[in-house]
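Colleague: Residues in the sequence shown are numbered consecutively from 4, following this note's numbering.
These are calculated hints, taken from the structure and not from any lab test.
Be careful, since some hints might not be right.
[What the hints assert, rightly or not] Restricting the straight-line Cα-Cα distance to at most 27 Å, the calculated cross-link-like pairs of lysine-lysine (BS3-like) are:
#1 162 <-> 243
#2 162 <-> 223
#3 126 <-> 243
#4 223 <-> 50
#5 275 <-> 263
#6 278 <-> 244
#7 243 <-> 278
#8 232 <-> 263
#9 269 <-> 244
#10 243 <-> 223
#11 50 <-> 37
#12 232 <-> 243
#13 162 <-> 126
#14 244 <-> 138
#15 243 <-> 138
#16 232 <-> 138
#17 243 <-> 263
#18 162 <-> 138
#19 138 <-> 126
#20 47 <-> 126
#21 37 <-> 47
#22 263 <-> 244
#23 232 <-> 244
#24 232 <-> 126
#25 263 <-> 278
Predicted, not measured: the structure shown is a model, and the values here were computed from it.
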Amino acid sequence: GADMVEFYVMLTRDLVPIIYHDFELIVCLTADSKPLTKTQLCTKSVKDFTYEELQHLITYRFINERIVEYPAPCSVSNPAERLFPTLSEFFTTTNRFLGCNMEVKWPQAYYAGGIESIQTIDKNQYVDAILSVVKDVSWGRLCCFSSFDADICIMLRFKQNIYPVFFTVSHNVPEFLDPRTHCLHPAVNTAQAFDLNGIAPAASILENHPDAVALANRQKKWVMLWGDKLCDRNAIEWYKKQGVHGLIYDHIESLMPADKQNVFEKDVRLQKLFKLQLSCGCR
């Protein structure tokens, strides 16, 4: 019954857009044996692997001080359970009435020093590779983009005018070095200056900025909230009443009403619009 899903998009070394959250992977130093201690593991950047290499890569996580192994995608029989699905696979294998918010990952410099990860792919090439897939296979469904990187948002907006773009703001401000991310006012001003559709701040920000929605509304910008504050139905209903345009939260299977139906599937006007998109021949 979810209207949309959010996922994270990044590129492999050979410029294939994949769905994955972390910039880094944990792999074993010796491929021919299973790791017994943390000293046998190391971190590698996703961007350093080709898509084909990722399909044969065994990865690991630390969960409650235990080393948990994730099998190589090529060894998993059920495609839905494989790591590193491509962006194209999402569009071709899911219900076309399911909308999506594609958060484009790009490493940020921290306000306190350091950086999330190193990125060596040209930013224009990075955005173009993602847009190429979206323009080819996303027709007939509702999509939008978001990113913590202001320049990525601006590029997504000026390289196309079909899909809405939202500037994401961290729950911990200032977390990143870019002054456009330091609070809601510069974020809204950035959205206004570069014709973005809106902002996506953490819900906790509303505690210190109760005028956030009104501020965005004055600039005719939408507000989508995300974060740990959206942890139960009472909180979700409260934030809905604040006039926001969307809520992004986890555990939808337990927080959504059991009888909720996808709004895009039951709206006849939207169905007609999606069919028109599919039949227009534009790619």
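Colleague: Broken hints, numbered, in rising order?
Modeller: Checked against the structure, the hints that fail are numbers 1, 3, 4, 6, 7, 14, 15, 16, 24, while the rest are satisfied.
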